[in-house]
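Chain A is already provided as a structure; the job is to place chain B on it using the hints.
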Amino acid sequence: MKLTKESILGLIALGTFILMSLIAPGFLGSNNLSNFLFQLPEFGLLALGMMVVIITGGIDLSITYVAALSGVGAALMLTNGYSIISAIVVAIIFGVACGAFNGFVVSKIGVPPILVTLGTMVLFEGVILAITKGNSISGFGDTYSLIGNGYYMGVVPLSILIFIFFAILTGVLLNKSSWGRSIYMYGNNEIATLFSGIRNSRVLMKVYLYVGLLAAISAIIMTSRYNSVKVDLGSSYLLQSVAAAVLGGTNIHGGYGKVIGTVYAVIIFQTLSNGLNLLGVHSAIVDVFIGGILILVLTLNFFSDKMKSKKESRVSSVS
Amino acid sequence: MKSLFKQKEFSIIAIIIVLSIILSFVSPVFLTIGNFIDIIEANTVMGILAIGMTLIIITSDIDVSVAAVTTAVAVIIGSLFGYLPDSWLSLVIIFIAAPIIGLVIGSVNGFLVSKINIPAIVVTLGILNIINGLVLYFTNGRYLNSTNFPESFLAFSDFELFGIPILIYILAIVAILTWYILKHTFIGRSVLAIGGNQQSAVRVGIDYKKVKLFVFAYMGFLCGVAAVAQTAYTTAVDPNGLLGLELMVIAAVVLGGTNIHGGRGTVHGTLLGVLLLAIMENGMILARIDTFWQKVVTGAIIVFAVSYDHISYKRKQAKLAKIEVEV
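Going line by line, the protein sequences match chains A and B. Take the first sequence: its position 122, counted from the start at 1, is 168 in my numbering, and no numbers get skipped. Take the second sequence: its position 150, counted from the start at 1, is 1480 in my numbering, and no numbers get skipped.
Bound conformation, chain A alone (with noise of 0.2 Å):
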């Protein structure tokens, strides 16, 4: 039998897990497992996002920026008495709003993505800075911190349960919508894509709205949970969150990447930050820990690309 690519990964996951449940001092221990819990839907949901921007061969580098206006949209609803549902449809419209514009110059215009989100990084960062003044907006009230705070039934964290849903709903969209299997043709091929008969502005303008709309939800579940919001809402898991689509194995020229993928990445990044937290690591070291993984990792895919095409050549040479 031969393991995939994911189910190797799988294992690794399972490894840092059991590894650092054997060296971080409480790293079992229910307190510190509920943090988990916790923790890992805001930045599984940003990579995500990413991951599906990485499909089509490009990057976001404004995701989390987006995030941050979204959740400045529904603090600012919630700060002046509005319901929480319309803070939420608020933080939604935000971030499919900015999603619009990056799918706009994306797609229509068609500049690279790479400068477009640096441009509208910039940009949205601006207009947080704008109208929070560089200040943080809190005190959201005890229901909606609910979101992230709060448990389903009394044991399973609520926001992991909304985590697992669109996790599932990215991957149903990937593998069995048009939209989705588009997606892929448009990472593998751009100009076979369109002569297929597919239009190609209108899949892209569509993943960046979805973009927009996980960092939304990624939003709404990091202000429930801090009960506060300021310009850099998220700011580190920019570069976590480009790591964990390519850990994922998501191919960073487009063209390939599985949900499971990533959210096998994203538990490995969060069982080592987590655990060299409790070990006492300095959290300067983890973001060093971080970049060296995603380095090292492509350097072996590298690698493990030549052997496999050497061997292709030798087996086609043979016969």
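No lab work stands behind these hints, which were simulated from the structure alone. Ideal placement from N, C-alpha and C gives every residue a C-beta, glycine not left out. One or more hints might be untrue.
To be verified - Result set (DSS-like, lysine-lysine): computed pairs, CA atoms no more than 25 Å apart in a straight line:
#1 A/LYS154 x B/LYS1646
#2 B/LYS1649 x A/LYS154
#3 A/LYS252 x A/LYS304
#4 B/LYS1445 x A/LYS354
#5 A/LYS352 x B/LYS1646
#6 B/LYS1644 x A/LYS154
#7 B/LYS1644 x A/LYS352
#8 B/LYS1539 x B/LYS1445
#9 B/LYS1539 x A/LYS354
#10 B/LYS1445 x A/LYS357
#11 B/LYS1644 x A/LYS356
#12 A/LYS222 x A/LYS51
#13 B/LYS1445 x A/LYS51
Stated by the list, open to error - Which stretches of chain A does chain B cover? Using the computed rule of at least three CB atoms under 8 Å from a CB of chain B, they are:
#14 158-164
#15 256-267
As the list claims (entries may be wrong) - Label-pair ranges, simulated between beta-carbon atoms:
#16 A/ASP278 x B/ARG1533: 44 to 50 Å
#17 A/SER355 x B/ASP1368: 42 to 48 Å
#18 B/ILE1517 x A/GLY243: 44 to 50 Å
#19 B/ARG1533 x A/LEU342: 29 to 35 Å
#20 B/GLN1647 x A/SER53: 40 to 46 Å
Same frame as chain A, but now just chain B:
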């Protein structure tokens, strides 16, 4: 004359002139030589980095680790100051050590991009994370002030020739050197050739891996130079001082007419791009616009500039295709 108007750089000059006229009405201080020297001196670091970034963007890659690398080198030379004697010799040591440290980090980037084939954005994001983490760990975010800087370095940073600060001369040297490399050396021509059409360049016999390695290593080298300039300008080392500068650098390069698809870019265009951003920042301060809005304006300009660049690129491509059909 017509070709002059058609040049990309011309439109930037026009914008700069219009902006300058408006700003001279807003503030009488703006159109003075002193203010202009201040503007250029304050943006020396950005200028040096943008010149290096021009080469990278010409090969249609990107480097987002420049600010982090510069900070790292600045932190290293800042801590080196404590061990150096107070003589001109230590100045020489700094000027040799800083570019070499930068060169090494840049070569790591270049190696990963060219030999291991990892996309430049991922490599440099990873390196950015690693360096920022290490800098934060070793400095704890602490500001390093000039108390243990050698007198000779402080004297150097205050040095002026013909009333022009020394930093501007450094920028000029870097600009002329890069212009020469790009225009008159084999490796410089290869940079443009690869950006223009990688396949044809390879078929002509250009080793594109070597060229990629060169552009990133040269970028690292300039980061080292920029680190010295930054330390001299602020006479302090601030581990967080350059956060996010890489975006401004990329914006300046794109504004300066370097094609984001590679193959086209000039040093003087980039310098004009830097000048435009610098004047805008200076103008917004003089016009007392809220600092929070400055980011909005910068972001909007980046998006606008890359969109405009792409639209004109597409038009040109369309024209090319038409000629082929007619022939």
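To see whether the hints hold, each was checked on the structure:
1. Between A/LYS154 and B/LYS1646 the CA atoms are separated by roughly 17 Å; this keeps the pair inside 25 Å, and the hint holds.
2. Straight-line distance between C-alpha atoms of B/LYS1649 and A/LYS154 comes to about 20 Å, which keeps the hinted pair within the 25 Å bound.
3. Taken as a hint, the A/LYS252 and A/LYS304 pair is honoured in the structure, with Cα atoms around 18 Å apart against an allowance of 25 Å.
4. Of the supplied pair hints, the one linking B/LYS1445 and A/LYS354 holds, its CA atoms being roughly 17 Å apart against a limit of 25 Å.
5. With a C-alpha separation of about 38 Å, the suggested pair A/LYS352 and B/LYS1646 falls outside the 25 Å cut-off, and the hint is violated.
6. Straight-line distance between C-alpha atoms of B/LYS1644 and A/LYS154 comes to about 12 Å, which keeps the hinted pair within the 25 Å bound.
7. The straight-line distance between the Cα atoms of B/LYS1644 and A/LYS352 is roughly 36 Å, outside the 25 Å bound, and the hint therefore fails.
8. The hinted pair formed by B/LYS1539 and B/LYS1445 meets the criterion: a straight-line CA distance of about 7 Å does not exceed 25 Å.
9. The straight-line distance between the Cα atoms of B/LYS1539 and A/LYS354 is roughly 22 Å, inside the 25 Å bound, and the hint therefore holds.
10. With a C-alpha separation of about 20 Å, the suggested pair B/LYS1445 and A/LYS357 falls inside the 25 Å cut-off, and the hint holds.
11. As the CA atoms of B/LYS1644 and A/LYS356 are separated by approximately 39 Å, the hinted pair breaks the 25 Å bound.
12. A hinted pair counts as satisfied when its Cα atoms are at most 25 Å apart, and A/LYS222 with A/LYS51 qualifies at roughly 21 Å.
13. For the hint linking B/LYS1445 to A/LYS51, the alpha-carbon distance of about 23 Å falls within 25 Å, and the restraint holds.
14. With 5 residues having a Cβ less than 8 Å from any Cβ of chain B, the region 158-164 of chain A passes the three-residue criterion, so the hint holds.
15. Counting residues of the region 256-267 of chain A whose CB lies closer than 8 Å to any CB of chain B gives 0, so the stated coverage by that chain is violated, three being the minimum.
16. At roughly 48 Å, the beta carbons of A/ASP278 and B/ARG1533 sit within the given window of 44 to 50 Å.
17. Look at A/SER355 against B/ASP1368: about 56 Å separates their beta carbons, and that is not inside 42 to 48 Å.
18. In this structure the hint that B/ILE1517 and A/GLY243 lie 44 to 50 Å apart at CB holds, the actual value being about 45 Å.
19. The hinted window of 29 to 35 Å between B/ARG1533 and A/LEU342 holds, with their beta carbons roughly 34 Å apart.
20. Checking the proposed 40 to 46 Å range against B/GLN1647 and A/SER53 shows it holds: the Cβ atoms sit about 45 Å from each other.
Comparing the model with each earlier hint shows violations of hints 5, 7, 11, 15 and 17; every other hint is respected.
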